[in-house]
Amino acid sequence: MSNALSKDARFFVSIYTILLRAYPREFRREYGSQMVLLLLDCQRDARTAASRRRLWLRTLVDLIFTAPREHLNNIRKENKFMRNLRSDLVAIGGCVLIIALALFLLSYGRSHQVSSILLFGYVLDAIAFTGVVGNLIVFLLVKLTSLRPLRVALWTFLTVSIVPALAIVLIAGSDPKFNAPSVVIGYVVSFLFWYGLHALWSHKLRPSETT
Amino acid sequence: MKVPTRRPEEFLPLTPAMFHILLALADKERHGYHIMREVDERTSGSVKLGPGTLYGSIKRMMADGLIEELEERPDPELDDERRRYYRLTDFGFRVATAEAQRLEQMVRSARAKKLLPRAKAG
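Protein sequences appear in the order of chains A and B.
Residue numbering for the first sequence follows our numbering, starting at 1 and increasing by one per position.
Residue numbering for the second sequence follows our numbering, starting at 1 and increasing by one per position.
I should point out that these hints are in silico values taken from the structure, not numbers from a laboratory.
Watch out, some of these pointers could steer you wrong.
[Unchecked claim] Away from chain B, derived, C-beta distances all over 10 Å, residues of chain A:
#1 Arg25
#2 Leu38
#3 Leu39
#4 Cys42
#5 Thr59
#6 Ala67
#7 Leu89
#8 Gly94
#9 Trp155
#10 Ile171
[To be verified] Which residues of chain A face chain B? A partial, calculated answer using Cβ under 8 Å:
#11 Asp8
#12 Tyr31
#13 Ser33
#14 Leu101
Computed from a prediction, not measured in an experiment: that's the story for all the values here.
Note that CB positions come from ideal geometry on N, CA and C, so glycine has one too.
Make a model of the complete structure from these sequences and hints.
Structural data, given as structure tokens:
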């Protein structure tokens, strides 16, 4: 195959190289040189002036339709990012609020001597602890892997509920003042609370994930 | 490589350009110009992929894990080193199969409604 291009063909390729600026920068960087290479190959195939003109027309029409499409795709991607960012911020804010409320109620319960009667302190201790640790782990795993969020929440909250409850029972079990059933109930309630909250979020977010 | 977490049916229907590209890559890895030529020849010139359509579709299919870029060119001696080669992934093969089955079902329906003649046996 001859590598020589006619003068008009070379001119069209340089025009096309300029017109590629109609595509988003990222797309141009990734595929611009490949598109020019493709056009050069097509130019070599088009032997007659008529076939070259048809090729140029087709290429220009293709550019007119596909450049706006690439920009639209970028806008959609940015919107999705903003939507995700918003829901992340709402989720983080919600967790912080719940933990703050739990700590406030915990200190209130302790100062007013109601914790031992209503399991107040045990439950709130567990909610605050599993909330801080569990939500951080869930957030990182969901952002850094392609694992399913609800499944991540289930296993994370199971782990951060069972491990500390067992550790507390093992460490403080011999102390006569230690109330093992209350600790266990506290962590069970905490698990149900956080996992239930994630299941609720996941259910609410599902319709927008399909877009 | 991106591991797809979605089912092949979720990608259907494919755009004509995407399906033609998957068909072109079904038997061997090709670069952009080869894909374009293969589609052109297979459809007797009725489908001509422009550079924007071709590389826009390639970009989306790579992001979805349907195709992947080869790290090494199959024939470095005979070829322009600037060319990038693409091949179908296992997931892309499953998506192409699902789309072919969907189209086959539609053709069967068209035959049942006598919009198309019956397929000849053998």
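Here's how the hints hold up against the structure:
1. Every CB of chain B lies more than 10 Å from the CB of Arg25(A), the least distance being 14 Å, so the non-interface label holds.
2. The claim that Leu38(A) lies off the interface is violated: its Cβ sits roughly 5 Å from the closest Cβ of chain B, which falls inside the 10 Å cut-off.
3. Distance check for Leu39(A) against chain B: the nearest CB is about 6 Å away, which does not clear 10 Å, and the non-interface claim fails.
4. With a least CB separation of 8 Å from chain B, Cys42(A) falls inside the 10 Å interface cut-off, contrary to its annotation.
5. Listed as outside the interface, Thr59(A) is inconsistent with that label: its C-beta sits roughly 6 Å from the nearest C-beta of chain B, within the 10 Å cut-off.
6. Not every C-beta of chain B lies more than 10 Å from that of Ala67(A), the closest at about 7 Å, which undercuts listing it as non-interface.
7. The claim that Leu89(A) is not at the interface with chain B holds, since no C-beta of that chain comes within 10 Å of its own (minimum 24 Å).
8. At roughly 26 Å from the closest C-beta of chain B, the C-beta of Gly94(A) stays outside 10 Å, upholding its exclusion from the interface.
9. Annotated as non-interface, Trp155(A) keeps its C-beta farther than 10 Å from every C-beta of chain B; the closest such distance is 17 Å.
10. No Cβ of chain B approaches the Cβ of Ile171(A) within 10 Å, the least distance being about 41 Å, so the stated non-interface status holds.
11. At its closest, the beta carbon of Asp8(A) sits 18 Å from a beta carbon of chain B; the interface hint therefore is violated under the 8 Å criterion.
12. With 8 Å as the threshold, the beta carbon of Tyr31(A) comes within range of chain B, its nearest partner Cβ sitting at about 4 Å, so the hint holds.
13. Contact between Ser33(A) and chain B, as hinted, is supported at the beta carbon level, the nearest pair being about 7 Å apart and thus within 8 Å.
14. With its C-beta approaching chain B no nearer than about 35 Å, Leu101(A) sits outside the 8 Å limit, and its interface hint is violated.
Comparing the model with each numbered hint stated earlier shows that hints 2, 3, 4, 5, 6, 11 and 14 do not hold.
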